[in-house]
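Bring the two chains, given one by one in their own frames, into a single complex with the hints.
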Amino acid sequence: MAGLSFDLIALQLFAGLALGAIYVLFAIGLSLIFGMLTVVNFAHGAFYMVGAYVGLYLISIGGNFWICLVAVPIAVGLFGIAVERVLIRPLYGRGIDYPLLLTFGLSYVMVECVRIAFGKTGYPFDTPEVLQGAVDIGVGYFPLYRLFVIGATAVVLLALWLFLEKTSFGLIIRAGARDPQIVRVLGVDVSKVWLIVFGIGTAIAGFAGLLAAPLQGVIPEMGGTILAEAFVVTVVGGMGSIGGAVLAGLLVGVVVSMTSLFAPEMAKVSIFALMAVVLIVRPQGFFGRAGLMS
Amino acid sequence: MLQVSKLNAWYGASHALQDISLEVNKGEIVCLIGRNGAGKTTTLKSIMGLMGRTRGSVTFKGEELLRQPAHVRFALGLAYVPEERRIVQGLTVRENLRLGLVASKEKKREAELIDEIAKIFPRLAERMDQEAVTMSGGEQQMLAIARAMIAKPDLIMLDEPSEGIMPVLVDEMFELFRSMKAQGTTVLLVEQNVELALGIADRAYVLDQGAVVHQASARALLADDEIKERYCSV
Chain V
1 MAGLSFDLIA LQLFAGLALG AIYVLFAIGL SLIFGMLTVV NFAHGAFYMV
51 GAYVGLYLIS IGGNFWICLV AVPIAVGLFG IAVERVLIRP LYGRGIDYPL
101 LLTFGLSYVM VECVRIAFGK TGYPFDTPEV LQGAVDIGVG YFPLYRLFVI
151 GATAVVLLAL WLFLEKTSFG LIIRAGARDP QIVRVLGVDV SKVWLIVFGI
201 GTAIAGFAGL LAAPLQGVIP EMGGTILAEA FVVTVVGGMG SIGGAVLAGL
251 LVGVVVSMTS LFAPEMAKVS IFALMAVVLI VRPQGFFGRA GLMS
Chain E
1 MLQVSKLNAW YGASHALQDI SLEVNKGEIV CLIGRNGAGK TTTLKSIMGL
51 MGRTRGSVTF KGEELLRQPA HVRFALGLAY VPEERRIVQG LTVRENLRLG
101 LVASKEKKRE AELIDEIAKI FPRLAERMDQ EAVTMSGGEQ QMLAIARAMI
151 AKPDLIMLDE PSEGIMPVLV DEMFELFRSM KAQGTTVLLV EQNVELALGI
201 ADRAYVLDQG AVVHQASARA LLADDEIKER YCSV
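Here the protein sequences line up with chains V and E, keeping their order. For what it's worth, my numbering labels the leading residue of the first sequence as 1, then goes sequentially. For what it's worth, my numbering labels the leading residue of the second sequence as 1, then goes sequentially.
Same shape as in the complex, but just chain E (with noise of 0.2 Å):
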């Protein structure tokens, strides 16, 4: 479904990613894991289109995009949901879900899919109109995650979802993961937590000062304490 060959990216004059590739096949958890600055958020901003300078290719259900535009890029039905959940100051919960639909094809459908998503996230549902900046880190997260996915993309990708979140609500957060699985939506997920990660994931690619150093099934990487303790550990 994603196809990244070869992807270079570059803040300024410093080289963040080196010929990164990887995919992620339909259906599929994939993780990316390694340090902090190991070019995972770049290499999902880059999939994204919101990095300035990059090369290789980035194709998606077959269409090229890395020269398109990030809204271009969402209309395929790419869903990106960044590190710092970018929650919008002075929307209620519900303007945050419309936002997550004004771009797309399903907005005339806009109060069923509120709806159906506030089923899924009881905890939105009870917030529906109170300020989103006023929930709790983790409750502002699971927002961020209902906005990205209310519009039905086909593959959502995921920075850090579990930082600085009370673990109750961690948990909470990675079942949904699985269902989200089995209901057919790919994830290419980026965590911190690489334990918790791995037993959701299908595979998994190790990063580490801008390339990708490793690649395996997530059951084997979660057996394989050297690449953890090499690569991962902080």
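Chain V on its own, in the form it takes in the complex (with noise of 0.2 Å):
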């Protein structure tokens, strides 16, 4: 246990944040999402692979790291709101299953396009040359780039947290998540908020997927395993509740990180070992509402 000093255990902290940061982007979507339309998305992982395949494609045309950072939410969102436009909206009022079947179909769909498209094999993502190296942060050296990872998605919670309590689209989202009956009777067309609410969570997973890619490179396969880890989060922060999801995400990032460094044949495991004990104590996850799902 002599390698096991202090600082050791910090940068391991710091390096669960930033595995963390991605899982509290992708959950947050699939939270939101979930809060407003009751749309179990299954093909959350798939947005955030395809954010990924957009930024690997914009590079390969001469565009740059920074560009795709603006232009990879767009492009995913976008998409977002066409699938739900499309194929989500006429399955409202049917029940939960419907939307989740069809989101699960729609992952496997989209998969199997990037496949025929990029091909099966993944490619490597370059990390942005300003974004490479390492700095001193007090307890030792950092890599640069999940420090960025970790600001960038600060910097995503707090525009989504000024857009929810400080816009009026903002309140209409944060009272139709509780009662969309309300929202309708006081002249909000409900519809027009869905898709919009759809589009930003999408947009935010492809985001995460292109923060992602320089970490662990691309691949069409990308999406399922993050949708797997992040379910666990939405179910321990609880389902529906953004707060909750960034402080699951956190957490469920550093219980990772933590066990890899322990005991790493138990890293994959120990999420849902957290989630067991969470759900024996508290059903309904750190902040969520019990019987959401009847």
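Simulated from the structure, these hints should not be mistaken for laboratory data. It is possible that part of the hints are untrue.
[Stated by the list, open to error] If you want a taste of the chain E side facing chain V, the calculated C-beta under 8 Å gives, among others: (1) MET48; (2) ALA75; (3) SER104; (4) ARG123.
[As the list claims (entries may be wrong)] Derived coverage of chain E by chain V (criterion: at least 3 residues anywhere in the stretch with Cβ under 8 Å from a Cβ of chain V; other residues may be distant): (5) 54-62; (6) 65-73.
[To be verified] Derived BS3-like pairs: lysine-lysine, alpha-carbon spacing no greater than 27 Å straight-line: (7) V:LYS192 x E:LYS108; (8) E:LYS181 x V:LYS166; (9) V:LYS166 x E:LYS107; (10) E:LYS107 x V:LYS192; (11) E:LYS105 x V:LYS192; (12) V:LYS192 x E:LYS152; (13) E:LYS119 x V:LYS166.
Since the structure is predicted, the reported quantities are computational estimates derived from the model, not experimental observations. Even glycine gets a Cβ: it sits at the ideal position worked out from N, Cα and C.
Below, the structure written as structure tokens:
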């Protein structure tokens, strides 16, 4: 145990936060969409993967990473809007399992399309030059790009918070997630709100996929793994709760990171163990409301 | 102003409203009375566009509403305060009031209109930044009414506003309805407290088992013990 100094643990904690940041971005979109539309979006991982591939494509035609940071969420969000309008909207009012099955199938279609267009093998994704290397964060050297991931996530969360808390549209979303009927009675065309929320949620998923690309490369199946882990995050945080998704996302990232330091073979299992413990102690998750799925 | 004719509505297979016809003229307070389950709430919901299956006709200011979604009906000047108050959890009093304006043409005058409504509802003015669901039932009801009124609708429908509220607040509320009427707002009121409702209403319709069984001026009904006994006693 001589190697396990305080500094090493602190560095691993930071690595966990960077990993958790990706989970957070993924899960807030999932949570936002579920909270508002009661759609469990099984294609969320596919949107995440598409985000990485759109970035890959833009860079291959001469774009750079900074352009991707803006263009990828816009492109993926517009795609999400089209999916909601054309495929999901006809299923409202039919129960929670219809859109769930549809998005489940859609994710396979999306993965297959990407395989046809880009091939089955993955691609490396270069870390932008200015973000290469490591910086001294006091307890040791930490990869600059991971620090950037944490920072970018913080910016997205702040922007989302300001949007939800300070704008009229945000007020509609907060109210509509609790009580769609009263929002309709007060003159809001709820179907438009749902469309935009689905667009925002998928845009953030695409953004997360882009951020994750330099960390793990790009393959058509990259969305599948994170989807399973992000469901753990939303269950632990509470279905439909954005604050819960943030807290649980960071927690899951840190738990995975710490178990891979102390017991690497248990890293993948640890998050499901965490979920089991949380579900026993608090079935609705940290900030969830009981009975949402019924 | 509001004309309902031969309105039918269904909950699944159950035929909840059968050929309801009624009208509300500009500046009137019209009251729907009848036992629980008589179809009063369903009538209001159908007028607002919240029932799945409806047939017949509902016109408001000359426009046919029945195929329009709820938000279009709001835009035409129709407001609805549902029975359960529906104060949104997690929102402050001010945010609930803002919610009443988000879809309104008056949205630009938000601050001004909130000040205006706060003068009418002094209880809310004191609690503007408090989370709304922490208030008493009566205060929440006041908020629900204020939220519906803030965008200045032409007709406001109120479902059981006095239910579960302290008598002193009920008096205050009905005083408010009187002043709303004096300022030209038209009201369609569903109320369990028949004497109180008839006290401020111009006319009333009596509903039973999803149909209109009697209509009269409020004054005539107030004196008609037989009708009240037959259709309204609990």
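Report task. Could you work out which earlier hints the structure fails to respect and list their numbers in ascending sequence? Result -> 4, 5 and 8
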